[in-house]
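*Asks:* Residue strings, one per chain:
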Amino acid sequence: MTHFEDRSLATYLTGFALAIVLTAIPFALVWGGLLTGPAVYAVIAVAAVVQVLVHLVFFLHIDLRSTPVENLFFLAFAAVLLFIMVGGSLWIMFDLHHRMM
Amino acid sequence: MADTSVSLSILEEEEKKSLEAREFGFWVYLMSDAVIFALLFATYVVLSGNSAAGPTSRELFDLGHTAGETALLLLSSLTFGVATIAMGQGHAGRVVQWLILTLLLGLGFIAMEVWEFSSMTRQGAGPGTSGFLSAFFTLIGTHGLHVTLGAVGICVMIGQVLVKGLTLPVRSRMMRLGLFWHFLDIVWIGIFSVVYLPGVM
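So the sequences go chain by chain: A and B. Numbers in our numbering are just positions in the first sequence, counted from 1, shifted up by 950. Numbers in our numbering are just positions in the second sequence, counted from 1, shifted up by 16.
Calculated directly from the structure, the hints in this document are not laboratory data. Glycine included, every Cβ here is placed at the ideal spot set by N, Cα and C. There may be inaccurate statements among the hints.
[Claimed, not checked] With the C-beta cut set under 10 Å, the calculated list includes, among others, these residues of chain A facing chain B:
| id | residue |
| --- | --- |
| 1 | Asn-1021 |
| 2 | Ser-1039 |
| 3 | Phe-1044 |
[Claimed, not checked] Chain A regions said to be covered by chain B (calculated; three or more residues, Cβ under 8 Å):
| id | region |
| --- | --- |
| 4 | 972 to 985 |
| 5 | 996 to 1002 |
| 6 | 1006 to 1020 |
| 7 | 1023 to 1032 |
Can you make the complete structure from the sequences, with help from the hints?
*Replies:* The structure is reproduced here in structure tokens:
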């Protein structure tokens, strides 16, 4: 994490350009009403996940070589935790909602 | 003479180790903060349909406004990155200039959010109106509070760079503040993807 000397402007600009494209796609879809139904949600979800990865790689400089392994481990642990807690909460609440109808 | 240089290098080594430990600690904090936001997101998704005969997200959200906030936050991430590069090259003056620009972009974001909150409250869509709005204000407000604290952090950082110069501890603090600032931008991706875009459909 301390190798800030070898960071270049090109890395940040690449990340910035990718982030703009990945933000513009879902905004344009919703604004223009180009797609409807579940397809829009799928595009928004994919664009969001890819953009989070872009931010992690180009802005937070996470990579498999120079990032300390504990940090990667913690990132993966947090991702699993988020998946269980958010996925589990939504599953339980929507199932409950369905049964109460 | 040789003894002092050896003890100096040992001291530097120790300082580096302690700063690395702090960076890891800060990373652990960020991940736990991510858990807080994830649960607020889950709460929002569960409650987002419960507008209790009050105004719905379709009537309240303005995508243009959200796009403006997104642009300000993304640009501020870039300017913070440029400040980090200037730090790597050892230009304290340029670090301060880019930090000031980052601060202004961050303050612009906060101003847009405060304006949004106050105009919603004036329309009778305050946090007490419905489950949807309670969850909305809690999630967006928590993010806004983080950005505000980040802006305070940038002010402190500018002061430290000006007073102490680019010493090793100052560089480490700057790196940690950068992690925090970029992390907030990541949370914002979740906010416009989960709250605003589906909200206007």
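*Asks:* Run every hint past the structure and note whether it holds.
*Replies:* Status of each hint after checking the structure:
1. For Asn-1021 of chain A, the interface hint holds, since its Cβ comes within 10 Å of a Cβ in chain B; the closest pair sits about 5 Å apart.
2. Satisfaction of the interface hint for Ser-1039 of chain A is found here, the shortest Cβ-Cβ separation to chain B being roughly 4 Å, below the 10 Å cut-off.
3. Residue-level restraint check for Phe-1044 of chain A holds (minimum Cβ-Cβ distance to chain B is 8 Å; threshold 10 Å).
4. Requiring three or more residues with a Cβ within less than 8 Å of a Cβ of chain B, the coverage given for the region 972 to 985 of chain A holds, as 5 such residues are present.
5. With a cut-off of 8 Å between beta carbons, the region 996 to 1002 of chain A has 4 residues touching chain B; three or more are needed, and the interface restraint holds.
6. Proximity of the region 1006 to 1020 of chain A to chain B, defined as three or more residues with a beta carbon under 8 Å from a beta carbon of that chain, is established by the 5 residues found.
7. Note: the region 1023 to 1032 of chain A has 6 residues with beta-carbon separation from chain B under 8 Å; the three-residue rule is met and the coverage holds.
The earlier numbered hints are all upheld by this structure, with none contradicted.
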